[in-house]
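Engineer: Here's the letter readout for the chains.
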Amino acid sequence: MNGQAAPRWQAHCEALYRQHAARLVRLGRLVLGDQPEAEEVAQEVFLKLIRTYEGPVVPIDWAAWLTRVTINACRDRRRAGWWAWSRRHRAPEMLELVDGGASPEQAAAGAEFGVLIAAAFQRLSARQREVFALRYIEGMSTHEVAGTLDLSEGSVKRHLFRAVKYLRGALGEIKGDRGHR
Amino acid sequence: MKRCLSERTMWLVHEGAAPERDLAHLEGCLDCTARYGRLNEELGEITRALRDHASPIGRDVRRGRRRWVTAAAVLAGIGLLAGGEAVLWRQSKALVDPRLETTAEALSLLEEVTLLLSSPGVTAASVLVADPATVIAEMTSPESYEDDPIAAGGGRL
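In order, the protein sequence lines correspond to chains G and H.
So the first sequence is numbered by my numbering: it starts at -12 and just counts up by one.
So the second sequence is numbered by my numbering: it starts at 2 and just counts up by one.
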């Protein structure tokens, strides 16, 4: 790479980082349910971006490329042995009882609403989490989600509807519990 | 009156994928309109909560992993200690036991040699060349005491 191209390349990568880093960390956090892991995934993705930038084939739509690579990196993490072990051995009640150790008063005040919804979200299947996060958090269309995840649109809709149904049920339970306190 | 929309159809309306007749029903049915409003509201709540949530769940995963790593390290330490102890024990056994055996054998050999050399009819050369069994038989036979003045009573006053 010559002296003139390097600053342009760096500037573009930095711009992409500023534009997408927070979004990718959030996506990873939702899919994996783990903030530090999500941050590591985002770092991996941006390292890949640099390598891809230097490669012969450069993507046209960097945003879509970054999303796809993030999802794939999350899947790789999930397939790792330690990950499966830690997920299996994590007591479900730990999720429901709120890891932050908030007092019942805080929970009653609504401080833990997000945690409870996130806990319900983590009980969805990995595919449902991916589909939901891309459609409702990232704001992709069903067609785009299908393209990113290599699924048919029908399959995306099925996963999405199940996820929505489950989360609405969980929301109802959370609201019901809070109403009884 | 047409039947009210199912949950799935309602959601398809939200996704913009419902057929015209379902949209027409939604516009004319107060019950379905209220349900549709609830769907929109709830989806908005869920999405906002997930978007803003700071994910303390991750800490739990980390803590679980740290516990696992600690347990593995402790187990490995115990295994290493036990292994090292076993090796040391084997080495000490190998050093002590053979020495004891060797000492006992050497003592009994020295005893035999002393006995042989102290007997008067037996010279050191004969001990070295003769068969030990023969030599011992000679030593223990009564004839072997005949030349010995002490054994033969010659030493008595």
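Bear in mind the hints are in silico, worked out from the structure with no lab data behind them.
Each hint should be verified, as a subset may be incorrect.
Unchecked claim - Label pairs and their calculated CB-CB ranges:
(1) H:ARG22 / G:GLU140: 17 to 25 Å
(2) G:TYR4 / H:CYS5: 24 to 32 Å
(3) H:GLU8 / G:VAL45: 26 to 34 Å
(4) H:ARG52 / G:ARG62: 17 to 25 Å
(5) H:ASN41 / G:ARG65: 27 to 35 Å
(6) G:ARG65 / H:GLU16: 24 to 32 Å
(7) H:LEU31 / G:CYS0: 50 to 58 Å
(8) H:ARG9 / G:TYR4: 23 to 31 Å
Said to hold, decoys possible - Going by beta-carbon spacing under 8 Å, a handful of chain H positions derived as facing chain G:
(9) CYS5
(10) ARG9
(11) GLU21
(12) ASP23
(13) ALA25
(14) GLU28
(15) THR48
(16) LEU51
(17) ARG52
(18) HIS54
(19) GLU112
(20) GLU113
(21) VAL114
(22) LEU116
Unchecked claim - Over the 12 Å line for every Cβ pair with chain H, so calculated as not near, a few chain G residues:
(23) GLN30
(24) LEU34
(25) THR39
(26) PHE148
(27) LEU158
Only a predicted model underlies this, so the values are computations on that prediction, with no experimental measurement involved.
In this text, a Cβ means the ideal position worked out from N, Cα and C, and glycines have one as well.
Engineer: Mind listing which of the numbered hints don't hold for this structure, in increasing order?
Structural biologist: 2, 3, 8, 9, 11, 12, 13, 14, 19, 20, 21, 22, 26, 27
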